[in-house]
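Peer 1: Spelled out, the chains give:
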Amino acid sequence: MIELYVLLGLMIAGAIIAIEVKNLLSAVVAVGIVGLGLSIIFLLLKAPDVALTQIVVEIAAVILLIRATLHRDIALKPCGSRPFGGFLAILFLGLAVLAGALTFSGGLNPFGSPLMTVSEFYPMNAVAGTGAVNVVSSVILDYRAYDTLGEATVLFTAVVGVLTVMRSKGKKKEEDLQGNNE
Amino acid sequence: MNAYMPYILCLILFCIGIYAVLSKRNIIKIILGVVIAEYAVNLFLILVAYKTGGRAAIFSATENIPPQSMVDPLPHALVLTSIVIGLATTAFMIALAIRLYGKYGTFDITRMRELRG
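Chains as they are written, first to last, in the working numbering: chain P, 1 to 182; chain E, 1001 to 1117.
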């Protein structure tokens, strides 16, 4: 699994570049490196459905981020750290590392031997129970279909939220009304 | 400890994202930190599901694939949901950032005076 370590190292390097580089457009492109490396790792870990979704989502996210950063002159402005940020960062990184150490020394199985007590059911019964040869799609569309319904609800709510936040028409109308009244 | 090495690299990636969220002043950098931390969590779940020498959880008509040789399909299905929800929240955060830029003319969160608590 040497490819896994190489790709993880590439992702960590891309993440550090994305956080530390001054140019915002370069930072967005570096996050694109992280996301596409993640999708190749998903392929290596035998999760083709997740890899396809990750590629599509990553491209959409990079396009949205470029929309936020391009066409403005702010891309080259320097961005520093905020006061007390270093202290907070050290505190929370310490907590994260502590939680990770507790997890690794406790109940987590070593890499390559998953705990299959619950999910053994799905490969055993997917074809007979749902008729789907792809076990992942049988889980998301049949065994846990309400989960996918909730996902669609969240997606709809986010789209409504984005449209509400980005809309500037209503505000203008209100100003026009005030102008007419005065 | 070598058996936990991918998990440790994944934790490092998560810590980079947390560091960006906590210490950066530019709101785009904070969004990038959230995105990186989210990628790390998704990657962790897929790493937990991997079985050494396992195969993708897809049956074949021409080849006999025993169910015991498949990787864990349940985290794959849940991460599929999580990725799409992550895109939705990222889009919402970017919309808020664009609106804040339109109102205050800057991405620097320390200069948005009216947001001070």
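Honestly, the hints are just simulated from the structure, not real lab data.
Just so it is clear, CB atoms sit at the ideal spot from N, CA and C, and this is done for glycine as well.
Any given hint could turn out to be false.
What the hints assert, rightly or not - Distance condition first, Cα-Cα at most 20 Å in a straight line; then the derived EDC-like pairs of lysine to aspartate or glutamate:
| # | chain 1 | residue 1 | chain 2 | residue 2 |
| --- | --- | --- | --- | --- |
| 1 | E | Lys1051 | P | Glu20 |
| 2 | E | Lys1051 | P | Glu151 |
| 3 | P | Lys22 | E | Asp1108 |
To be verified - Selected chain E positions facing chain P (Cβ under 7 Å, derived; list incomplete):
| # | residue |
| --- | --- |
| 4 | Val1034 |
| 5 | Pro1067 |
| 6 | Ala1077 |
| 7 | Ala1091 |
| 8 | Ala1097 |
| 9 | Tyr1104 |
| 10 | Gly1105 |
Peer 1: Now tell me if each hint is right for this structure.
Peer 2: Now for the hints, and whether the structure bears them out:
Taking the CA atoms of lysine 1051/E and glutamate 20/P, the gap is near 35 Å; set against the 20 Å cutoff, the hint is violated. Between lysine 1051/E and glutamate 151/P the alpha-carbon distance is near 27 Å, which puts this suggested pair outside the 20 Å criterion. Of the pairs offered as hints, the one joining lysine 22/P and aspartate 1108/E holds, with about 13 Å between alpha carbons and a cut-off of 20 Å not exceeded. For valine 1034/E, the interface hint is violated, the least distance from its beta-carbon to any beta-carbon of chain P being 11 Å, above 7 Å.
For proline 1067/E, the interface hint holds, since its Cβ comes within 7 Å of a Cβ in chain P; the closest pair sits about 4 Å apart. Taking 7 Å as the C-beta cut-off, the interface hint given for alanine 1077/E holds, the closest approach to chain P being about 4 Å. For alanine 1091/E, the suggested interface contact is upheld, since its CB lies about 6 Å from the closest CB of chain P, less than 7 Å. Checking alanine 1097/E against chain P: minimum C-beta separation of about 6 Å stays under 7 Å; hint holds.
A least Cβ separation of about 12 Å between tyrosine 1104/E and chain P goes past the 7 Å threshold, and the interface hint is therefore violated. Evaluation of the glycine 1105/E hint against chain P yields a violated restraint, the C-beta minimum of about 9 Å exceeding 7 Å.
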